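Undergrad: These are the residues of each chain, in order.
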Amino acid sequence: MRIPLLRIVPDDTKFDFMRFRRISFPISAILSIAAILLFFFNGLNLGVDFVGGTLMEVQSKSGPADLAKMRSTVGSLNLGEAQLQQFGSPTDVLIRIPQQPGGELAQQQAAQKVREALGDGIEVRRIEVVGPRVSTELLAYGIFGLLVAICGIFIYLWFRFEWQFALGAMIANVHDLVLTIGFLSLMQIDFDLNGIAALMTILGYSLNDTVVIYDRIREMLRRYKRMSIADLLNISVNSTLSRSVITHVTVTLALLALFFFGGHAIHAFTATMLFGVVLVGTYTSIFIAAPILIYLGVGYGREEANEPAPKEFVPEVETAPKAAGSKAAESKTAGSRAGKPTAAKR
Amino acid sequence: MLYISRWKTLAILAVTLIVCSFAIPNFFPKDVVEKWPKWAQRHIVLGLDLQGGSHILLEVDSAAVRKEKVEALRDDVRRVVRENRLGSPAAATIRGNSVEFRIREGVDPNVAMQKFQELSQPLGGLLQASGQRSVDVVNLGGGLFRLTVTEPALLERIRQSVDQSIQIIERRVNELGTVEPSIARQGVDRVLVQVPGLQDPQRLKDLLGKTAKLTFRMVDTTATPEQAEAGRLPPDSELLRGSKSENGQPYVIERRVVVSGEDLVDAQPGFDQRTSEPVVNFRFNNNGARRFAEATQANVGRPFAIVLDNEVISAPVIREPIIGGSGQISGNFTVQSANDLAILLRAGALPAPLTIIEERTVGPGLGQDSIDNGMRAAWIGSLAVIIFMFATYGLFGLFANIAVVVNVAMIFGILSLLNATLTLPGICGIVLTVGIAVDSNVLIYERIREEVRAGRSALNAIDAGFTRALATILDSNITTFIAAAVLFYIGTGPVRGFAVTLGIGIVTTVFTAFTLTRLMVALWVRWWRPRTVPI
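From first to last, the protein sequence lines stand for chains A and B.
Just so we're aligned: 60 in the numbering used here is position 60 of the first sequence, and the numbers increase by one with no gaps anywhere.
Just so we're aligned: 1188 in the numbering used here is position 188 of the second sequence, and the numbers increase by one with no gaps anywhere.
Bound conformation, chain A alone:
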């Protein structure tokens, strides 16, 4: 007796993903514009890492913290618009003091003032004081890092694939980042160095997904010389669909565990990742990254259209000599890295 295995995606799906491009492209364009508008008009909730100032996490030593009283205490210190909010349990309060005029020393003095004003009833669990110089640098570093990562990945893809693929992946990628930034702006999620780390990871993972599909498209391009490009893309996406879904389930499981059980310190980080990796990344690689190749002219000049698409979107059953031929072609790229060529099989 055996327990049947879980099958989320049935075998041999034949969704016509390419037809969705007439919907998905406009939707993505609108969402991207909305995200950009949000960014410019709503702005990002930049954390102390990037705008300077003081962040304190304090815990009341006796029962729930009296937020109102603390607010008035901190408010009377003349330190600008201080933000106080509950953080996790009712005893914990997060205090944010904006950057003080008067250079580096003034930040330290402000933090000291708050600490003294709140008195002995609280324990300072965490304090971050970032001066104007460091915050400017961190922001510049963050933006610079994102650009470097995008360029580095572009160059790598260019080497491994044709330029159309690299460009397609880049467009998909920037689209992911733009939407995620829009999400950050909409939800006013605290954006700090961890946020940059989240964006960077989204970049990597969403590409990971795109590359898996592109790999398949490239393989199909070699195998079916005459199939129309839209059909070919459809087959590629369909045949990797099960993998895409299963992988995203596992990543989502990991992220959900982090989100719900990882504590408040990483909430913003995991929320950003959940949005970027799970929601946007998957959608993008299927509905943007693949169909955009049509517009970028992948397979342009192939003698297509003469041959109708195979009735079934299934890789054809290869006969022995053909298999050997395709292997030889593949071993040019993959064989050298993938260890022993298959000649040694038992």
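Just so you know, not all the hints are guaranteed correct.
According to the in silico footprint, chain A covers these stretches of chain B (three or more CB under 8 Å from chain A) [stated by the list, open to error]:
1) 1360 to 1368
2) 1382 to 1388
Covered by chain A, per the in silico footprint, the following chain B stretches (three or more residues, Cβ under 8 Å) [claimed, not checked]:
3) 1099 to 1113
4) 1428 to 1434
5) 1475 to 1483
Facing chain B, from chain A, some residues (calculated, C-beta under 7 Å) [as the list claims (entries may be wrong)]:
6) 38
7) 51
8) 257
Think of the hints as simulated: they come from the structure by calculation, not from any bench.
Remember, it's a predicted structure, so these values are computed and weren't measured experimentally.
By construction, the Cβ of each residue, glycine as well, lies at the ideal position given by its N, Cα and C atoms.
With chain A's structure known, arrange chain B on it following the hints.
TA: Positioned in the frame of chain A, the structure of chain B alone reads:
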């Protein structure tokens, strides 16, 4: 793909075991590990966000260095002027970064030029002479000269200041008795101090923020503080305030330094024999003792001041000459502040003031909470993934799960080998790796399923599945690795910890996919000779 020679099998198992075994020291208490041979002691270091502690970035006050350098140049110019009778020394004035001086009429400008140029030293010493000099001398015409401290000279001075500061900070921090503080230069003009497991971060900051420039000077009795505040300050004196415990009372203090902190050989906290108040006892070296004796002999009955960082600690009246070379500072100290002052005096003064430009401190309580939360999330996340994989792929899911467990063990092994720092985002990186590590298996298994559907035999399908999926695995992981590498370079502290675990996780993921998973499947195929693939 499915045939793996015996040697390769052994090699794979050996590498896996060795890498995993590096993680072993982390499971033993510190005092046990310390008895092991040195090479076996490598272990993961918990980041400041997990074990609690302070991360403090200090910057040398370059404006102060500049000012000091220009003032020194002015004094040099005055000396040259005096020695060579070029004019009135007091006429040398500071203007911006330069010192300007107009020579007396009748002095040959060329001679003056030559004398001034003697003040300029070649930079970089003998070994790396750069052709640059420390001072630019320009004849502006009409007997007016301008001497400017060059930028390279300033930079070199800032560099030296940082080097000296690091040594002094080390001495100060070591006095706190904390474990493994790390003090390192960052960039040109910065010092990063990381002190784990600190109970009182404020005290660390107090110790770091003080220049601790101690001077003994005479109080100027020719003018009262009120007169000085009204603008009638004697030219060779300055108005200084008393320390907080003295209510910031103003004093008129001579600029001339009788003895400075450099001449101290020891400072210890103690108690005054009569009042039992905390005091700091100090001892001068011979030079300092002699000068202090001379000054006190000549000024019995007058007050002198003990000045720390331009703040008057106390201004006692000299009752009798102090000739023994030792003395005591009293000034409303608490036991702790007397202790701290003694530490500062023993460690010496910083060459230039340091400013705290970034501070991140995590209390030990929060650190422990973060560890607990992180571990809980890691367990739950891993379990969820493992159950899901088993439900989806059955036996092959089990293989994948073994690979994931080994994967995480290897991450810990490599982290230990590198003595890497594990931070809270680092734990996130590991959990994410669990999620993504199974992706390599998913890729392989899905490919095998496709090949089966395409009509291949079980063996053929497995073989082809591995061959094709591995190329994809490599491609897709390299992109993430690039992102992790960039993150490592731009990130600091916790974020860097994330980049480290993510990057290592990708490497181990690719390794296990290429070796361990393949090995397990190959062994299974050899033993069971399956006709169908159970996925």
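Undergrad: Now tell me if each hint is right for this structure.
TA: Hint check results:
1. 1360 to 1368: holds (count 6)
2. 1382 to 1388: Since three or more residues must qualify, the claim that chain A covers the segment 1382 to 1388 of chain B holds, with 4 doing so at under 8 Å.
3. 1099 to 1113: This one is violated; 0 residues, fewer than the three required, reach chain A with a Cβ under 8 Å.
4. 1428 to 1434: Contact hint for the segment 1428 to 1434 of chain B vs chain A: holds, 4 residues under 8 Å.
5. 1475 to 1483: holds (count 9)
6. 38: Residue 38 of chain A check fails; min Cβ-Cβ to chain B is 24 Å, beyond 7 Å.
7. 51: 13 Å, violated
8. 257: 3 Å, holds
Of the hints listed earlier, those the structure fails to meet are numbers 3, 6 and 7, in rising order.
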